[in-house]
Amino acid sequence: MIGHSRVRLGDARRHRVVILLVVVALAAIASACSGNDPTNLARVVDGANPQSALDPKGPTAETIDNLFWVVFWIAAAVFFLVQGVLLIAIFRFRQRKGKERAVRQVHGNMRLELVWTIIPVVVLAVIAVPTLSTLFDIRSAPDPSENALEVEVVGHQWWWEFRYPAYGFTTANELHIPVDRPIYLTMTSADVIHSFWVPPLNGKRDVVPGRTSNLTLQADDPGVYVGQCAEFCGLAHADMRIRVFAETPDDFEQWAQDQQQPAVIPETGSAAAGWETFNTICVACHTVDGTPAQVNLAPNLTHLASRTSFAGATIDNTPENLRAWLHDPSALKPMRPDLNMPSQGRIMGMPNFNLTPQQLDDLVALLETFK
Amino acid sequence: MATLTPTVDAATPAHHAPSGVWSWLTTTDHKRIGLLYGVSALLFFLVGGVEALLIRLQLAAPDGTVLSADAYNQMFTMHATTMVFLVIMPAAAAFTNYFLPILIGARDVAFPRLNALSYWIYIFGGLFLTISFFVGGAPDGGWFGYAPLSTQVPELVRMDYWALGVQILGLASLLSAVNFITTVFTMRAPGMTMMRMPVFAWMALVVAFLLLFSLPIIAVGLFEVFFDRNLGTLFFDAAAGGRPILWQHLFWLFGHPEVYILILPAMGIVSEVLPVFSRKPLFGRSFVIFSGIAIGFMGFGVWAHHMFVAGLGPVAEATFALTTMFIAVPTGVKIFNWIGTVWGGSVRLKTPMLFSLGFIAMFVIGGLSGVTHSIVPSDTQQHDTYYIVAHFHYVLFGGAVFGLFGGIYYWWPKITGKLLHEGLGKLHFWLMIIGFNLTFAPMHILGLRGMPRRTYRYPDGLGFEFWNFIATVGSFTIAVSILVFLVNAWRTRKRGEVAGNDPWDGRTLEWTTTSPPPEHNFDVVPVVHSEDDFWHRKYSEDEHGNAVPVPGGYEPPKAGQDDPPIHLPSPSYYPILSAFGMFLTVLGLVYVPWGLFLAGAGVVTIVWGLFGWSMEPVTREGH
Chain A
126 MIGHSRVRLG DARRHRVVIL LVVVALAAIA SACSGNDPTN LARVVDGANP QSALDPKGPT
186 AETIDNLFWV VFWIAAAVFF LVQGVLLIAI FRFRQRKGKE RAVRQVHGNM RLELVWTIIP
246 VVVLAVIAVP TLSTLFDIRS APDPSENALE VEVVGHQWWW EFRYPAYGFT TANELHIPVD
306 RPIYLTMTSA DVIHSFWVPP LNGKRDVVPG RTSNLTLQAD DPGVYVGQCA EFCGLAHADM
366 RIRVFAETPD DFEQWAQDQQ QPAVIPETGS AAAGWETFNT ICVACHTVDG TPAQVNLAPN
426 LTHLASRTSF AGATIDNTPE NLRAWLHDPS ALKPMRPDLN MPSQGRIMGM PNFNLTPQQL
486 DDLVALLETF K
Chain B
642 MATLTPTVDA ATPAHHAPSG VWSWLTTTDH KRIGLLYGVS ALLFFLVGGV EALLIRLQLA
702 APDGTVLSAD AYNQMFTMHA TTMVFLVIMP AAAAFTNYFL PILIGARDVA FPRLNALSYW
762 IYIFGGLFLT ISFFVGGAPD GGWFGYAPLS TQVPELVRMD YWALGVQILG LASLLSAVNF
822 ITTVFTMRAP GMTMMRMPVF AWMALVVAFL LLFSLPIIAV GLFEVFFDRN LGTLFFDAAA
882 GGRPILWQHL FWLFGHPEVY ILILPAMGIV SEVLPVFSRK PLFGRSFVIF SGIAIGFMGF
942 GVWAHHMFVA GLGPVAEATF ALTTMFIAVP TGVKIFNWIG TVWGGSVRLK TPMLFSLGFI
1002 AMFVIGGLSG VTHSIVPSDT QQHDTYYIVA HFHYVLFGGA VFGLFGGIYY WWPKITGKLL
1062 HEGLGKLHFW LMIIGFNLTF APMHILGLRG MPRRTYRYPD GLGFEFWNFI ATVGSFTIAV
1122 SILVFLVNAW RTRKRGEVAG NDPWDGRTLE WTTTSPPPEH NFDVVPVVHS EDDFWHRKYS
1182 EDEHGNAVPV PGGYEPPKAG QDDPPIHLPS PSYYPILSAF GMFLTVLGLV YVPWGLFLAG
1242 AGVVTIVWGL FGWSMEPVTR EGH
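Protein chains in written order, with the numbering used here: chain A, 126 to 496; chain B, 642 to 1264.
Among these hints, one or two may not hold up.
[Said to hold, decoys possible] Reference listing, derived: stretches of chain B covered by chain A, where coverage requires no fewer than 3 residues with Cβ under 8 Å from a Cβ of chain A:
hint: 1; segment: 787-794
hint: 2; segment: 914-925
hint: 3; segment: 1206-1214
These aren't lab readings, by the way, just hints derived from the structure by calculation.
Glycine included, every Cβ here is placed at the ideal spot set by N, Cα and C.
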């Protein structure tokens, strides 16, 4: 007996060792799979789940969240009821060894079947009422009395363009909004279908080429809220992120006034040399207000230095990261910038221009002046 | 037509089935074609599974580097395309091919050569999609191929492979749909009325109609994508007045019935397994059949719930929210009737039963999360997130795949004559259901916390790390369970317990014949007197309604010397020839203009195949 149990103990221990080894191996694989990304989200956002739809920070997201939980608890009740009855049926009517149960050959029960057809209809009808009323509610444009701020959104592969018609400037990837005021987004796409989604503030809405769609955002408190493109849009879909900076009305006005200022072409030093490069290469796609750079195929760089991130809000905006980006953009974000193979006349993403170290330093110096 | 004399003694068949590779390439026997479908689906299941494991490795930790973004996008596109078109649909076709004729007492399908053509187009379509990996990259625009992303970058031929590959796979299914419908309507044994047909046969019929009506829609859409890419037809080019949203309507008007095409065969299998292992008839049989038909009709009226954030108006959204809620009713009816079948039975927890009960438990979860999609406001948060990935895996893996594995364990002894090992089967089941829930349950949480689908990486700091790691552990647990199944299948070849005609004390006609069945299925075509006819030959009911064995049991009738000769379809190589021509044609079309030479050769081959087919003598010399 003793020897027998010792063998068993050994088996159990061996099993534990095997399980431990498997877990360690998987963890090792997982960490080996993990690369370095120059994004430090903790620098800008709080909380363990900053992109969660279950942690609403605005009225619409809150309405949606409340409706979700009502349905969730009804579904949970149905779940426990059905799984419970199933388990009872299995255990209660399980055939015991050697004992053949007498089984009455029941073919059905019309009354019972009608009951369990009608009950779901009633439950669903109950759910349908708040669903439809909330639906029409969240799809309506803000009331004119609410003094909504209008922002135009254009989705690009793979970054966001934000235009503020009331102020006359354009920015990219980082949306600044005043708190407690509806932000009415009018959205379209320059290429394929994208979807604008900042879960703490509202559900998502597709951004479709050739037509406009609308979405209302509103934040209760100042803070940074993150989101990203939610409709698969090709190679760098994962790297088409959004940061929303909700600010007090005063802070927002200050920011908007800063953004309205045109850039000044530097006259001296490294930055001036940087402008020479910019004016021969970068102007082909980028706009810098107040300069001859006026092509709108890529993000507006007038106030690049005032942003916390770039490249679809995926890379922290530091001089080192900017230099690395200009040196080899596709190393930091996958794109299709092949100049020899433009697709339907377009190149998709930032190309590598094989800039010299001197050009890189000068360009970074220039971009740092675009505050 | 080959003819053979009915066997006087089942143990010494007068007719020996031909063997060798050529006999498989030219076979028109519905059972052999079913086996070909089954083995092919299993092989593609392993391919799709490896793709899934690569996806899970990439996402195991933030900023994964196992796959590039480019490789990742190919991987999730091909994982879905493979699992839908090359695994679940053909696995259902395998069971339908093998068992539909036997279940209704027929000797083959209505059009045996057309059946072979369906299979060969399928296998060439699968090869066509798979070779894209080796010639510049597999399709990378998603299995849903949303335009104008799918029509972008025409310089890369990846989405041409997708559009043409799915096109011919659809053709294969369309042909088999016509075949199965005709078989059910014209080939039932005497006394096999429609309402006496086994539920699996009914579900196969509903699926065939769904295929018949939904595939032409996607065929039109796929041609439009292909023409936009190669001819500049501008169907979906917004700048030229095209409509990107139109593609979504076309795709989902096919795509949602497709969901029921994938799940209804599994529901049919479960409806066969539960009564056998509960020793009770299916509870509310006609309710189950009619709710299957209802699902078939309503499946065409819910497609826009895939488009609740696409920008339809609130009235359209409200309409489709209500239809989506409504389709939950017949689905719920089925679940309640299955539980009603188990209730009061004598439940034998053999492996097929475990998979069927697992199907119910998992499908309930997928059904409930499905109802939450109809809540349009909360769907605007859940759409295109991992919540959706969780939902449809509970339906298509927890549902369809569990049901299909139940069918494999249930019918394996009939197909091979040997029983799969019970212990290994149970190990397979438990590993799979644990691994499945470890993989997909956390995805509900990930989605609600804001993780979108189809993203090749996620940054640190969004709270996605833990549950992604658990999901990856779960996916490898599933992989181990599949290895257990393969070991079981291999082991059974040599050491499996001999099954006999009726190992489970079955209820339907397939258990009256030998295991494996003879080429002609039945020595004497059965005459059917009731639903679950075989059961009623073995058991009668006492005054309380309890089942009591009929004294003496059941002996299958033997053919007499003066019975008419049995006609079986002759083998033919024209189906595989025509299918090969189709392969050449689509391969050539990818590489327009030079490929047109190849496509031309393909068209000639198709015409040759179909001409030879139509000229083939009905009875050939020497047969």
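**Hint numbers contradicted by this structure** = Number 3 only.
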